[in-house]
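Peer 1: Construct the complete structure from the given sequences, taking the supplied hints into account.
There are 2 protein chains.
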Amino acid sequence: MTKNSVIGIDLGGTKIYTALASLSGEIIAEVKVSTQSALGVTGVQQNIIWTVEQVQIKAGSKDQVRAVGIGVPGPLNVNEGVVYQAPNLGWREVPIKQILEKALKLPVYIENDANLAAIGEHLRGAGVGVRDLIYVAVGTGIGGGLILNGQIYHGAGFGAGELGHMTIEPDGRPCNCGNKGCLETLASGSAMVQKALDLVKNGQGQSFLTAAQGEPQKISSYLIAQLAAAGDKEALSILEAAGIALGIGLANVINLLNPSLVILGGGALKVGRPYWEAMEKEVSRRALQAAWRQVRLIPAGLGDRSGLFGAIALACQNETPDVSRRTS
Amino acid sequence: MTKNSVIGIDLGGTKIYTALASLSGEIIAEVKVSTQSALGVTGVQQNIIWTVEQVQIKAGSKDQVRAVGIGVPGPLNVNEGVVYQAPNLGWREVPIKQILEKALKLPVYIENDANLAAIGEHLRGAGVGVRDLIYVAVGTGIGGGLILNGQIYHGAGFGAGELGHMTIEPDGRPCNCGNKGCLETLASGSAMVQKALDLVKNGQGQSFLTAAQGEPQKISSYLIAQLAAAGDKEALSILEAAGIALGIGLANVINLLNPSLVILGGGALKVGRPYWEAMEKEVSRRALQAAWRQVRLIPAGLGDRSGLFGAIALACQNETPDVSRRTS
Chain A
1 MTKNSVIGID LGGTKIYTAL ASLSGEIIAE VKVSTQSALG VTGVQQNIIW TVEQVQIKAG
61 SKDQVRAVGI GVPGPLNVNE GVVYQAPNLG WREVPIKQIL EKALKLPVYI ENDANLAAIG
121 EHLRGAGVGV RDLIYVAVGT GIGGGLILNG QIYHGAGFGA GELGHMTIEP DGRPCNCGNK
181 GCLETLASGS AMVQKALDLV KNGQGQSFLT AAQGEPQKIS SYLIAQLAAA GDKEALSILE
241 AAGIALGIGL ANVINLLNPS LVILGGGALK VGRPYWEAME KEVSRRALQA AWRQVRLIPA
301 GLGDRSGLFG AIALACQNET PDVSRRTS
Chain H
1 MTKNSVIGID LGGTKIYTAL ASLSGEIIAE VKVSTQSALG VTGVQQNIIW TVEQVQIKAG
61 SKDQVRAVGI GVPGPLNVNE GVVYQAPNLG WREVPIKQIL EKALKLPVYI ENDANLAAIG
121 EHLRGAGVGV RDLIYVAVGT GIGGGLILNG QIYHGAGFGA GELGHMTIEP DGRPCNCGNK
181 GCLETLASGS AMVQKALDLV KNGQGQSFLT AAQGEPQKIS SYLIAQLAAA GDKEALSILE
241 AAGIALGIGL ANVINLLNPS LVILGGGALK VGRPYWEAME KEVSRRALQA AWRQVRLIPA
301 GLGDRSGLFG AIALACQNET PDVSRRTS
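Chains as they are written, first to last, in our numbering: chain A, 1 to 328; chain H, 1 to 328.
Hints are not guaranteed to be accurate.
The list treats identical chains as one, so a pair stands whether inside a single copy or across any two.
Said to hold, decoys possible - Distance condition first, Cα-Cα at most 20 Å in a straight line; then the derived EDC-like pairs of lysine to aspartate or glutamate:
#1 K201 x E234
#2 K180 x E280
#3 K270 x D232
#4 K281 x D171
#5 K102 x E80
#6 K281 x E169
#7 K180 x E169
#8 K180 x D304
#9 K3 x E319
Don't read these hints as lab results, they were simulated from the structure.
Peer 2: Right under this line is the structure:
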């Protein structure tokens, strides 16, 4: 029987998004569950395996899967299949390829999640046919994937694309990475929330506290966005400051890499227009004129499926149907 | 008669450095003259042609040249052979390939000078065998060339590598490019001179004025370096501040591109150890740990010939000896 499907998995700190797809990348069945990272590596592994079984049951194709591609949020070694560190999962040195291959009895390929989102957008989304593009994921943190000369660029140790840790304010707020004033501390979803909390702490930002029913821990970037949309000036100024910081970071990347496209994805983008407009204005002010003329800034074309389609492509690329197998 | 040599030209704002070399890249004869950019495109063109004739005379090989490679300091279109802008030469939209091909009756290939320095270091200098490296030229300005996946990375419009215009201080000094707080305004040779002039203007920095014999326009980065070496605290602090700014910029590039090597060249590096040490310490503080462990920072291996060897390689690559020509 010909194995004519693959499985793609987008493993995030919050959700596991898994799909069964044809070898040409069309999704046949998909399932999304909570990651439950508090359960540890074994618990997350079991959740992953469960999603794999579910999409196979949904598709009615238990024996037809050729390979699995999985995106993991953190630095990793693609060849060895080891995740060095995934802070949002609490992982360190996890040989996820080996673990899943043993459990699933299928070839498993791993890649950084932002890289897979870049690949997904390049193959099926907003970046089809573009040779040099940057994918930027703006969520709790900020990550990136670089498609250069038509292929994903990994760097010397599979670590390329970490634009969230670019210094924007040399004496700024400490970042989890050990540096100060990183883009991530200024422009991410959590940075916006932190700014609101700072205001509340200083006796300002009463509207945030009211909207969060008096519980600061309920302040989210979406809540800030709602207030901004309703005309709240403090909320608007948080979105704009974050957008300006993102614009500085993107101008730096655009000057350095001269891409023709920057694709932005991730949950924090949903805060809306003031953030995007402040970002775009700042890029136009700071990027070199020639580089600015040559680049477009656009939202992801695949929504929250960029990484999922990248994971499917990863499985397909490594296990493309070859004639000898087909005819045997 | 077999054409068994090429000519490489490193065209700078100050000097034209030209060499005749074998097809395997060995320099046979070289000559260096003043650019005299004040003479305009035609004057510089005549100086270039003169150097080409001189190296041929020196090598006694008038009829053996196969091709010419030339590096130009500014954004350009490699395919069309047009220099968009070379501020240090006062050039705008100069079809230098066409001009030189007509005058020299030889195929001419052009490339950005920092890119050629990166290529030169990659082929014969400090970066031999390295897949992912960044070349940084620190002189009057700051430029860069990126070797990614073993080849020069141009970007969408041949503009990649402009790390001198990365924002380091969002509200910093205006840069010629239109942006504020660019790396170039903080870490280049001219930035160091500007800092000394600022001190003098404010009634400080008497040692600079004394060393420059009372003439502020004689303050150079070399003079600042000499004072620093003699223990002058203001001079030392200028070198260190510039080194710190360079370190921030390099940490950003290292986080984004995860290279295994950063090669630094250019005249301003000659200011000495305090600059280099401040730079290296700042990179170690700010780069992501994994990226920092994987990278080395070293001076150019070819001294002021990095760009020249790159220009020779450019001519050789485009005109490699093929069997049909050799045997005919």
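Peer 1: At most 20 Å between CA atoms: does that hold for K102 and E80 within a copy, between copies, both, or neither?
Peer 2: So K102 and E80 pass the 20 Å test inside one copy only (15 Å; across, 54 Å).
Peer 1: Checking K180 and E280: alpha-carbon separation at most 20 Å within a copy, between copies, both or neither?
Peer 2: Classified as between: cross-chain Cα gap 17 Å, same-chain 24 Å, threshold 20 Å.
Peer 1: Within a copy, between copies, both or neither: which one fits K180 and E169 at a CA-CA cutoff of 20 Å?
Peer 2: Both: 7 Å inside a copy, 13 Å across copies.
Peer 1: How do K270 and D232 come out at 20 Å by Cα distance, when the copy is not named: within, between, both, or neither?
Peer 2: So K270 and D232 pass the 20 Å test inside one copy only (17 Å; across, 54 Å).
Peer 1: Within a copy, between copies, both or neither: where do K281 and D171 come within 20 Å Cα-Cα?
Peer 2: between (24 Å within a copy, 16 Å between copies)
Peer 1: When Cα atoms must be at most 20 Å apart, do K281 and E169 count as within-copy, between-copy, both, or neither?
Peer 2: Classified as both: same-chain Cα gap 19 Å, cross-chain 18 Å, threshold 20 Å.
Peer 1: How would you classify K201 and E234 at a CA-CA limit of 20 Å: within, between, both, or neither?
Peer 2: For K201 and E234, the Cα distance is within 20 Å only inside one copy (14 Å; across copies 41 Å).
Peer 1: Give the relationship of K3 and E319 under a CA distance limit of 20 Å: within one copy only, between copies only, both, or neither.
Peer 2: within (10 Å within a copy, 48 Å between copies)
Peer 1: Given identical chains, is K180 near D304, meaning Cα to Cα at most 20 Å, within a copy, between copies, both, or neither?
Peer 2: Neither, since 30 Å and 36 Å both go past 20 Å.
Hint 8 alone, counting from the list given before, is not met by this structure.
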